[in-house]
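Numbering (this note's numbering), first residue to last: 2 to 564.
What the hints contain is simulated information worked out from the structure, not anything from laboratory work.
Please note that the accuracy of each hint is not assured.
Label-pair restraints from in silico Cβ distances [unchecked claim]:
1) Ser318 - Lys345: 20 to 26 Å
2) Lys536 - Asn228: 50 to 56 Å
3) Ala480 - Glu556: 17 to 23 Å
4) Arg483 - Lys537: 29 to 35 Å
5) Lys537 - Pro171: 53 to 59 Å
6) Glu168 - Leu544: 54 to 60 Å
7) Gly477 - Trp388: 51 to 57 Å
8) Ala208 - Ala493: 43 to 49 Å
9) Gly477 - Ala518: 17 to 23 Å
10) Pro99 - Pro186: 53 to 59 Å
No experiment lies behind these values; they were computed from the predicted model shown.
By construction, the Cβ of each residue, glycine as well, lies at the ideal position given by its N, Cα and C atoms.
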Amino acid sequence: MPSIATIGPIGSDCYQAAQQYAPDTNLILFHKLSDIINAFSEGEVDYALIPVYNTREGEVKEYFRLVSKMEEGFWIDNVVLPIHLSLGILSTRKKNRPEISTLVGRGSVFRQCEEYIEDHFPDATLMAVQDIDHAMRAIIKERRLDHAVIDSEELVKKYGFELVAREVVPHNKTRFAVIGKKMAPVTGYDATAIITRPLKDRVGMLADILGEFTRRGINILDLQSENDIKTQKLRIYVEVEGHIKDPNIEGALNTIESNIIQEESALKTLGSFPRVDMRVKKIKGFGFIGSGEMSEWFADRLGNEGYATYITGRSSSITPLQMIDMVDVVIVCVPISATSETIKQYGPLLKDGQALIILAGESENTIRTALESTSQGVEVMFVHNLWGPQAMTMKDKNAAIVRTSRSGSFCSEFEAFLYKHGADIYHDNAKKHDLLMGVGQKLPTAISVALAMTLNQHSISCDDIGSHSTLTSLYGILAMARVHNQNPMTYAEIMATTGDGKKIVRSFAENFETVTALAEQGNIAKLFEIMEENKKSMTPSFLQSRMKQAKAVDEVMSGPSMK
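Construct the complete structure from the given sequences, taking the supplied hints into account.
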């Protein structure tokens, strides 16, 4: 039978966590973390289970110091346990018992109960003990009626103490690390914990290490930094999403060690393990109607967050009808021209308590259709992601969100997912969104298509364009190439969208006719007057920031490799 070392006594939080992890195991109980690590390191037990984080107390720093010294063993799993702390006193038949003057408990328990103690026992003496078992026996033996104990309800009851208050600290959870001999295998929803050796001083070291993870789109789950006790050199602990065997994680660690820290064996991998969520997720599963690349792109990333995902389409193994009954959130991600009809077909099948999220480029018509096609108890939200499936990450990509009167907690959780992955989120109303998309997508696409038509009509070779272009005039050529190369059908649908965006294109066409006529008349003064008037609507900050962007693009395009 395998054995686990953890902190006692019987009934303690660690004891309960170990039983939850492996009910049939042989538990070896200790009073100190160092004794547990020593027992594991010397082969006296197969596993060790230690508290590493509490929602009230924060990180248990002693754990990281001890584990970083282990030559063998890895962090392989986690247990998250709600901590139900209660206050108990010795039972007595005396009517006039003394007031509580001393609270007895472990140091970690007192840190979790600071607010409760301050509110209810501000003048009490706190007696922090390592061996709570011994302390409770002493209270019983010496009949200390003015002493109270704070610990798990199970432990308080075990010694026959009278419960004065249950659940003295709400929303209290502790995360326990399971230490084993071999690295845990890949599950697809993993995290990796790394700690540095004591580092030499270098300006920007921490920022550069974090930047390497960010550059690769690797999310950082936890970060700690402190000075090593002996050397007073910086040590950094990082927990990131992904398994140590993931090429992206492996590449990041290699770069950090060789290029940033520039010291061999500067990093120690504490372990990779199934990722654990200390926060509560309401959504269990997402289902996609539409089996295109964008659905696969989102499904892959939602799967990495621990959600069940299902993609349905014409050739999928399950139908949209079957999928709807299996998920909390249905995402419609189909071509723009088919979005409203798809919502009309499947919206009525959603039940109260589910959510419908629309991934599309036009909001007014699709939102109206969604609200009309679903019952009042179905959440509805519109999301326009302004990137394609070629993007590696969402970081610094724009996402326009239109919330409705029926956007609830499921919609907020999906929005939090976008935010977590670095998307720049902008909240619009439906009318404003479509008007701005006229400026940002509909008009530039129409100009690109019209430009290509013009080149064809005048038999201008694409090879000749560069020789007569300035860097500024090349912007339009680049957009033309992109529109025609990536996915012409998508861009055709963008041009054909309804909503207020069409006003922008029509106004542009009329203004273009005016400017063209003035130019053909040679009316330079009027053209200059129009430009000066236009400039008044552009703030200095807008002009400066956009000029900065333009110069950055110019610098890249001026390079010999770009010509």
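Pairwise beta carbon distance, Ser318 to Lys345, judged against the given window 20 to 26 Å: Given range 20 to 26 Å: holds, Cβ gap about 25 Å.
Could you check the hint for me, namely that Lys537 and Pro171 are 53 to 59 Å apart, CB to CB? holds, 57 Å
Does 54 to 60 Å hold as the CB distance between Glu168 and Leu544, or does it fail? holds, 59 Å
At the C-beta level, are Gly477 and Trp388 separated by a distance inside 51 to 57 Å? At 21 Å between Cβs, range violated.
Given the hint of 17 to 23 Å, is the C-beta distance from Gly477 to Ala518 inside that range or not? About 21 Å separates the Cβ atoms of Gly477 and Ala518, which means 17 to 23 Å holds.
Taking 29 to 35 Å as the stated bounds, is the beta-carbon spacing between Arg483 and Lys537 within them? Roughly 32 Å apart at Cβ, these two residues keep to the hinted range, so it holds.
A range of 43 to 49 Å was offered for this pair. Does it hold for the Cβ distance of Ala208 and Ala493? This hint holds: roughly 45 Å between Cβ atoms.
Could you check the hint for me, namely that Ala480 and Glu556 are 17 to 23 Å apart, CB to CB? Since the Cβ atoms of Ala480 and Glu556 sit about 19 Å apart, the hinted range of 17 to 23 Å holds.
Distance restraint hint 53 to 59 Å, applied to the beta-carbon atoms of Pro99 and Pro186: Given about 57 Å between the Cβ atoms, the range holds.
50 to 56 Å as the expected CB spacing between Asn228 and Lys536, which holds or is violated: holds, 55 Å
In terms of the numbered hints stated before, the structure departs from hint 7 and from no other.
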